[in-house]
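*Asks:* Each chain sits in its own coordinate frame; assemble them with the hints.
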Amino acid sequence: MFSSSRRVLGLVTAAAFVLSACNAGSGSEDGDAATGGDSDEAVSVGLVAEPASLDFTTTDGAAIPQALLYNVYETLVKVDSQSGEVVASLASDYEVSDDGKTYTFSLVEDATFSNGAEFGPDDVVFSIERVQSDAWTVSLKDQMDVVENVEATGEHEVTVTLSRPDNSWLYAMTTQVGAMFDTEGTDDLASEPIGTGPYEFAAWDRGTDLTLERHEDYWGPAPFFDEVTLAYFNDGNALNNALLSGSIDVVGTVQAPESLADFENGDYQVIEGTTNGEVVLSFNNEQEPFSDLRVRQAARHAIDHPTLLDTCWAGRGELIGSMVPPTDPWYEDRTGDYEFDVAKAESLLQEADATGVEVRLRIPTLPYAVACGTVVESMLEDAGFEVTIEELEFPATWLEEVFTAHDYDMSIVAHVEPRDMRAVFGNPDYYTGYGSGELIALLDEADAGTPEEQNAKMAEAAALISEDAAADFLFLLPNLVVAKPDITGLPENSASISFELATLARE
Amino acid sequence: MLWQLTRRLAVLGASIAVSTVVVFGFMQVLPGNPARVALGVNASEQAVARMTAEYGLDRPLVVQYLDWVAGMLRLDPGVEYISRAAIGPQIIDGLGVTVWLVGAAMLLAVTVAVPVGAWMAIRHRHADGVALSALSQVGVAVPAFLAGIVGISVFAVRLGWLPSGGWVVPAQDPVGFLQRLILPAIALALVQGSVLARYVRSAVLEELQQDYLRTARAKGLRPAQAVLRHTLRNAAVPVVTVAGLQLAGLLIGAVVIERVFVLPGLGSLLLDSVQSRELLTIQSVVMVLVVAVLVINFVVDALYVLIDPRLRTGGRR
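Taken in sequence, the protein lines are chains A and B.
With my numbering, letter number 405 in the first sequence gets 405, and the count goes up by one each step, no holes.
With my numbering, letter number 210 in the second sequence gets 1210, and the count goes up by one each step, no holes.
Mixed in with the good hints, there may be bad ones.
Said to hold, decoys possible - Cβ pair distances, simulated, as ranges:
#  : chain 1 : residue 1 : chain 2 : residue 2 : range
1  : B       : L1030     : A       : D188      : 27 to 35 Å
2  : B       : L1066     : A       : E391      : 32 to 40 Å
3  : B       : L1066     : A       : E109      : 43 to 51 Å
4  : B       : V1150     : A       : E351      : 49 to 57 Å
5  : B       : F1026     : A       : D407      : 19 to 27 Å
6  : A       : P326      : B       : V1150     : 35 to 43 Å
7  : A       : E148      : B       : A1049     : 37 to 45 Å
8  : B       : R1008     : A       : E41       : 54 to 62 Å
9  : B       : V1150     : A       : V342      : 37 to 45 Å
10 : B       : H1126     : A       : G266      : 46 to 54 Å
What the hints assert, rightly or not - Derived coverage of chain A by chain B (criterion: at least 3 residues anywhere in the stretch with Cβ under 8 Å from a Cβ of chain B; other residues may be distant):
#  : stretch
11 : 54-63
12 : 199-210
13 : 398-406
Everything labelled a hint here was simulated from the structure, so no lab data went into it.
None of these values were measured; they are calculated from a predicted model.
Note that the Cβ used here is the ideal one computed from N, Cα and C, for glycine as well.
Extracted from the complex, chain B is given alone in its bound form (with noise of 0.2 Å):
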């Protein structure tokens, strides 16, 4: 178990490592020069020339990948070049809006979609079972961007329920942090949340046709226990793959709900970024959430040893 750990590990740092490569190199292809765009459409060649430099854009291009990657490593990828603001703060504060974004989408759509499957699956032959799951047809349907927009326009223009975007610390003040955080947050667990259910469903109905169901039923459970007991650590497996890639799925979702609700997240640094080619901000925010894409792959991978004990002896599946 500990020599799979370890070469997980290292196919973690090897994709982290790659990654810096391609992120950087494409950056390199984006068309659009950030000392131009400071300068001003008249500014001659001389002048934007002379700010290129100043930006350090004119050295080569090993010198500048490996100056990005040792700050990157010092957790200090520097400073931009228009604003002269340095990126690691403005990252970390992105960080704290769309880690809680993602994490409170991701509790949603992980507490509602597991009850929910399950029943859909048990109750797949009744009335409510086959309402719920049609429902979760359209909740799958539904992009996330829309589903904010719809709830602005309900309950924060029509209704004044809630504040329509915008973002405050919680710590300052925790009950407008959560009504703020709570429209974003069920835009992004819709879709995510609906297809999370339908894996439970068909992870489940498929354990419920297991032999190890009968003999429990046999032994004497209820059905409700049954599934409890065996069934749902059963399917737990392929849902938590799917709720990994799902963790990703939302890293990158949140970029267009930020936009939507004004959230000054990391997905709103990192368009804003682009829109004044803020080459530096751009590759730093993009590693940050290649990196995390990684890290939740990585766990993932580690969490079916913990559920499967199968999988703990050897690469056998």
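Okay, chain A solo, but in the shape it has when bound (with noise of 0.2 Å):
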């Protein structure tokens, strides 16, 4: 279980980074078109938010793993970015006990990692046992406190036992957290990454791109760009210009949803699909007024939510009504929870006695949370608070006034993590305040049931914290990526927190 804010917070360069996160992956349908395998082509992949560093064990951030991830660093097991399903990668199959508490895991035989190690169990114990050493700092290592032991029991074999059966465990062995290092090939991963991926670092020109190169040894389908490159970029505008003036081949994150209108020509193919970006519309749960479960539902209920959406977001994105995007398997929508009804939430706040009440809606300066700030405030306005929007500078000054200090009433901001609801709702502790017994029960027994069990328990998680209005769920960012024409392979959705490289190619 990731804190989405983790990633939207640990994000140290661009102000837009959250669109990056979103952004990623690939999971194309056509894997056919990605087998090119000879060809010397490049691809120019244009991205905001360029890494602080290349090293995600001591550095937190979406841009990190998007770039690496699936990419130059494999996991044993992957999420498909179309469906978000968990998928075979390193480990072509796995087993699970009937307590739910032990993982064996047979890996694929003939993968080697960029600087010719060969990958085996070895690799494997050494990765998961790093994850728990202090050689990891980001706070993303907790999820892996919950395993036991972990050892070779075969030539292609790990067993890892659990503490305790933990669904969550399993999804974190997707991301960055279950990424396999070779024993001997973790002296410089702020700047010289080795994984077992189908592309292997080159060169990172800081401020400017990052350079990967096909893995000639790669142990599956060879990718059909010998080539790729990563342009960073600050602007959005400088973004799309690169592409609009052919110094790119594809905008991996479309910053601005106007901005579509520029590629909507028939010159370029405009790709739209979901995210894992929740824009959460935060109370603090801990103060007043939002302690008061009549406030927080009345501003539910003042809030448009197609009008929001079509005013502040182009109409681009989906509304979901709770903390799931449609990528997970216990989606379902819960907008009709709060209907937009202004009379019902003025008399809600006149029965919390709470009409005039001042709230501060402190957002960060972001774009998503700019443009609909104003729209969040006029539509409470309309239902009986005082609001008082204050921007703040993003990450630092946002995350220490509102993220750390908790101070604020309400906030804007996009949880992009995979599979958050624990990490924003299941903890008293966030800055949201929530974390009510009852919700925490259920995940818990989400996590530690079958994977119907499962999505029956967080379905109804989903449901609580959506009924007991813990924040009011703006919209799910969408996943817009322009591309040239002849580019295939990008997928419409993006479920996982890499962008996926290998399955881009050429017509």
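*Replies:* Listed below in structure tokens is the structure:
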């Protein structure tokens, strides 16, 4: 279970970085297109938010796994970006014991690292134990705490024993926490990443671009492009202009949905899908006035979501109603829980004796937050709230004031990590200050249960969060990708945290 | 003259020393901790404290300050907290971009502004002089970033003549280098050139009314000759002052222009560092800019003396 906001917040470079995380992925359906293998062609993908370092074991932020995960580093199991399902990767297969505590992974046999070393069970043991050691410093490492023991149980087999059944752990293994390192390949992670992936690290020209080259001994199907350049832009317009003037092939993350009009002239392909980025109107559940359920409910009733989406995000994105994107197996449309009803909002506020209550909407300086902040303000004021908007520089200032000091009443931020319900709402110390016992119990049962039980309990948890108005869910950020028409293998959705490059090809 | 130079050098040194304190002080009040930015928001307080200690940010401020100043004097300000990359080479790389940009913009501004300004002055009663003068007013009013954005959308996106941004090293690809330099340099030069042209105009206009010019004409010089031989030199003192100030302005303006054109210069390095709270990088880049501005001012002061012999003998002006 990831803290989406961990990713949201951890991001160190561009203000609009949240969008960058939403882009990711691949999981293209036409795998054939990606098996060129011998072309010496190059492709250039434009992204925002350059990584601050290439070492995700000590630096948080979406940009590093976006570039390196599934491309340079691989995991035992991975998330299919299109469907959101957990699928095989370096483990060709795995078995879970009946008590849900023992996982046996069968490893692929011919994988090698880009430094020439062979991949084997020792590397798995090394990589998992390394997460638990002091070598990893980012807070994501906590997800590996549940591992009691990991050992090689065969020439190509590893067995992991957990202290308790934990479905979230397997999901964590699809993220950078589950990345496989060579026992001899961790000397200079910040600038020389070594993995088993279809691409290997070639060069990093800081401030400009990151270049990856085809890993010639890759165990899987060889990627089409011999060289991939990830070009980083700090400005959405500059990124769009780079495609319009032909210097890049793909805009991996369109920053402003209204700019899509520039590309909808038939000269480009525009891809629109879903991400994991729930744009949350968060309430400070710890303190008045939002500690009162009726005030939270009033705020939810006061927001006209379809109008809001049209006004501040050009109508692109999905209305979700709770903390679950459609690519999660337990997704249910919860937009009907709180119908837009100003009269009801007003009477709830009256009931709570809070008409005219002053609230501070302290938002980060991110495009979606700034655009939607004023819309939220006017909708809430129509229902009887007195709203003051304050913009805080993102990430540092927002992180310090809202996130760490909890000095806010409401905020707007996209929680872009996958499956982040527990991280955002299952912890009373988190900035949302929610974490009800009932919710935590449901989440625990979901983690311990069979896949069916997990789906049922997670759906219940999502319903609880929505009904209890722990926050309002403005919309789900869209995955907006624009590319030259001959580029294939771009997925619609971005369910994983990686921007998968191996499926890309040119017709 | 030597004494004057020494005195000005001493002022320069003192200004730089004071700036280090001010710049360092500002960093301390900037909210946000790089350790927390690096570790992610769910990091425990212990983890943040441990990383803060590893970064050396828990040491007494005086120690941090002296350490940094010593590093700057050795031209090695240290390594970044998060990426562990050395800061010195990044600043040098950034300078390699910014100096080209500012240099090209300055060259462009001066070579266009001086003749155009002089022409506007000489022809100030004629239609072409008035029209040029009005045009320069417009130039003053257009912000550099707007000029940049318009330039990109016309010449890169619409016409496809030039790349929309990015950078290549001149030694590797001289043509690509010039193609990428020209738009940002023009955008940056537009305002400064217009301002400079207006100063040249008014300085020349003032000199045109001086008695010596009448004398020059009386001894048979044609107007253009008189202006070239006498007026421009006399008009040069205020113009050099403005040009010096503008060079400083260009350095700062380059920060914005680098963003618009995705140039990996000092400005981009500065803004990225602010985002990630790489305090050491921020203060080092700011110091480089401060020193550059102070040195420019010093050079301008020194130039007065060369241009105007009356200033050579003492403090009188």
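*Asks:* Please go over all the hints and tell whether each is borne out by the structure.
*Replies:* Cross-check of the supplied hints:
1. Taking the beta carbon of each, L1030(B) and D188(A) are about 30 Å apart, inside 27 to 35 Å as hinted.
2. At about 37 Å, the CB distance of L1066(B) to E391(A) agrees with the hint of 32 to 40 Å.
3. For L1066(B) paired with E109(A), a C-beta distance near 57 Å fails the hint of 43 to 51 Å.
4. Look at V1150(B) against E351(A): about 55 Å separates their beta carbons, and that is inside 49 to 57 Å.
5. For the hinted restraint 19 to 27 Å between F1026(B) and D407(A), the CB-CB distance of approximately 23 Å keeps it satisfied.
6. In this structure the supplied range 35 to 43 Å holds for P326(A) paired with V1150(B), their Cβ-Cβ distance being about 41 Å.
7. One distance hint, 37 to 45 Å for the beta-carbon pair E148(A) and A1049(B), is violated here, with the actual separation near 28 Å.
8. R1008(B) and E41(A) have their C-beta atoms about 59 Å apart, which keeps the hinted 54 to 62 Å range intact.
9. A C-beta distance of roughly 43 Å is found between V1150(B) and V342(A), which places it inside the suggested range of 37 to 45 Å.
10. Distance hint check: the CB atoms of H1126(B) and G266(A) are about 51 Å apart, consistent with the given range 46 to 54 Å.
11. Counting residues of the stretch 54-63 of chain A whose CB lies closer than 8 Å to any CB of chain B gives 4, so the stated coverage by that chain holds, three being the minimum.
12. Counting residues of the stretch 199-210 of chain A whose C-beta sits closer than 8 Å to any C-beta of chain B gives 4, which meets the bar of three, so the coverage hint holds.
13. With 5 residues carrying a beta carbon less than 8 Å from a beta carbon of chain B, the stretch 398-406 of chain A meets the three-residue requirement, and the given coverage holds.
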